[in-house]
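Q: In order, the protein sequence lines correspond to chains A and B.
Residues in the first sequence are numbered consecutively from 1, following our numbering.
Residues in the second sequence are numbered consecutively from 1, following our numbering.
If you're looking for bench data, these hints aren't it; they were derived computationally from the structure.
Glycine is no exception: its CB is placed at the ideal position from the N, C-alpha and C atoms.
None of the hints are false.
Some chain A residues well away from chain B (every beta-carbon gap over 10 Å; in silico):
# : residue
1 : Val-43
2 : Pro-67
3 : Gly-122
4 : Phe-123
5 : Leu-147
6 : Gly-167
7 : Phe-301
Partial pick of chain B residues on the chain A-facing surface, computed with a CB cut under 8 Å:
#  : residue
8  : Pro-80
9  : Arg-81
10 : Leu-84
11 : Thr-90
12 : Tyr-92
13 : Ala-96
14 : Met-97
15 : Ile-98
16 : Leu-100
17 : Met-101
18 : Arg-105
19 : Met-109
20 : Gly-110
21 : Glu-112
22 : Thr-114
23 : Arg-122
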Amino acid sequence: MSETTASTASAAPAADERLIKIPWYIKILRRPELGAMAGTVLVTLFFLFYAREQMFTLGGMISFLEPAAQLGILAIAAALLMIAGEFDLGVGSMIAFGGMMVGIPLVVWGWSLELALLMAFGFAIAVGIISGTIVLRTHLPSFIVTLAFLFILRGATLIGLKWATGGNTQLRGIQDAAGDHWLLDYLSGNAFEGAFVTFAEWGLIDTFKSGLPKVQGIPVEIIWFVLLTVLATWVLLKTRFGNWIFAAGGDAVAARNVGVPVARVKIIMFCTTACAATLVGVMNALDFGSTDASRGLLKEFEAIIAAVIGGCLLTGGYGSAVGAFFGAIIFGMVSIGITYTDIDQDMFKIFLGAMLLVAVLFNNFIRRKAMGGR
Amino acid sequence: MATQSTSDVPLIDVRNVTKHFGSVIALSGISLQVNSGEVHCLLGDNGAGKSTLIKTLAGVHKPTTGEIHVEGKRVSFNSPRDALDAGIATVYQDLAMIPLMSVTRNFFMGREITKGIWPFRRFDLERANAIAKEEMKKIGIDVREPEQSTGTLSGGERQSLAIARAVYFGAKLLILDEPTSALGVAQTTMVLKYTNLVRKRGLGVIFITHNVRHAYAVGDKFTVLNRGQTLGTYAKGEIDMDALQNMMAGGKTLEDLSAELGDEVATV
Chain A
1 MSETTASTAS
11 AAPAADERLI
21 KIPWYIKILR
31 RPELGAMAGT
41 VLVTLFFLFY
51 AREQMFTLGG
61 MISFLEPAAQ
71 LGILAIAAAL
81 LMIAGEFDLG
91 VGSMIAFGGM
101 MVGIPLVVWG
111 WSLELALLMA
121 FGFAIAVGII
131 SGTIVLRTHL
141 PSFIVTLAFL
151 FILRGATLIG
161 LKWATGGNTQ
171 LRGIQDAAGD
181 HWLLDYLSGN
191 AFEGAFVTFA
201 EWGLIDTFKS
211 GLPKVQGIPV
221 EIIWFVLLTV
231 LATWVLLKTR
241 FGNWIFAAGG
251 DAVAARNVGV
261 PVARVKIIMF
271 CTTACAATLV
281 GVMNALDFGS
291 TDASRGLLKE
301 FEAIIAAVIG
311 GCLLTGGYGS
321 AVGAFFGAII
331 FGMVSIGITY
341 TDIDQDMFKI
351 FLGAMLLVAV
361 LFNNFIRRKA
371 MGGR
Chain B
1 MATQSTSDVP
11 LIDVRNVTKH
21 FGSVIALSGI
31 SLQVNSGEVH
41 CLLGDNGAGK
51 STLIKTLAGV
61 HKPTTGEIHV
71 EGKRVSFNSP
81 RDALDAGIAT
91 VYQDLAMIPL
101 MSVTRNFFMG
111 REITKGIWPF
121 RRFDLERANA
131 IAKEEMKKIG
141 IDVREPEQST
151 GTLSGGERQS
161 LAIARAVYFG
171 AKLLILDEPT
181 SALGVAQTTM
191 VLKYTNLVRK
201 RGLGVIFITH
211 NVRHAYAVGD
221 KFTVLNRGQT
231 LGTYAKGEID
241 MDALQNMMAG
251 GKTLEDLSAE
261 LGDEVATV
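Next comes chain A alone, as it looks inside the complex (with noise of 0.2 Å):
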């Protein structure tokens, strides 16, 4: 028996005798989403402890879930964009532009969902280009020419909307428009609702007195929320575009010098960004049944907040989207999650900046921690 063990050992690739054995926390401090992990238990302990028993049911933790999905599909693309070295302060407006922009083809025009969802996202991609094309030739900081179209999105949804309208900056009816179209299970509405029902007959879930469930189903968002969680970081590991969205933000002269295509790198980072705000455009359009020009407000510096605490550089060149997805949870739990406490609902603001200032402090250190100590 020992024998055996022995021959095993001896048989596998000889361990290097100068590797120094990285204790298995050492490797996890380096991670970048360490901070946003740790936030997210902590403020899953405080609210055990101080918010009332039905933040935790099922039915409370998709209330704070959907609005963190939702923020977190930003802050997904937002924190990618990031790590490549750029911000887009258009996000928030894109989601109204995008909200629009499904909406009038359907309303307006009659056109069917696909055709409007192709008009949506071409806009989107269109925007993506012609920003990061600015960012990318004249050298300006991303921060200033996004910053621009914070602005020309938003007026330009408010005029495409009273056109529209004839006036108004709602547009109504878009549910209507869109009839039952088969893409609305993806993209409205609640998922899994059929095992939702089947969970109830079994008694899993809360029900109401019909024997239907209280929770019908996943929001779609979550999916979405999760779904795009993966891939990111999948892309942004383990393959080569993500080596070089890394190296884009690192270091973009070094990167450019051995052949990254830099500048197509954060074009797509840029049209990534102005999609995912028109994914959330388009659901919240699609749920609601309505697009106003005012949707999306903020949402911009939250998506990068939720980005920072989950651990991106503003330096670019670091960070992860597994940690912007905590952040994003973070987010959704202390805004949603302090309406089930006694604490006075402006706290929120005040516990965001400093959520905020304490990620970037801690981010700090990390860094010059994962430069090797110096």
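Put chain B on the given structure of chain A with help from the hints.
A: Structure of chain B alone, referenced to chain A:
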């Protein structure tokens, strides 16, 4: 048609290249030839046009006039990628590595090896880690963990990593931009040793420096650059260190300079 053996044709042949930036003449006639298995030192003081010349050879700038031939074929680079594809790799003084990225990710930056079929094609990190570790070992640098960030390496190790990367990816001509200027003695030795190793492998090297001692230690040929012009190329036996130093200073000898500076400095 004359059949030329490859050894007759210089690896790179720069013919009377000029480069103007608006009204500024950065290069006013550079001619230079580098053969395989040869370290060609390019010496020049600050402002002599070294950086412009490197960037022209590396595809960052296009020459205003003049020709560049690689292995007998005339080339025109539109981007650093073109130069890389032609086998010209440049290792910049301080812009070679991204400190926040791992050794492996830096090593394969822009040339990631992949596995799998699209859309599931991915960066083969396992193999990349093994290769990076192996290549670094070949030059005597023990990267304990190829996934450690490059920021943890010393300056000399980072330069050597950049050189190892270029060699691994099949560079024929390596341009080293002041690789030793920011390094201490031990690390300079390491970089010079590795430059020598690269030459033995049959690559051509353009070694840019303003340190004559470093140049003389490793160089086969020396070209002095002054005010955007080449002042001539000398083989190692033809010229000594002092003469090179004097040419770099624009004809003034160190003794002249000492005299100008007065007795106090002259006695130092």
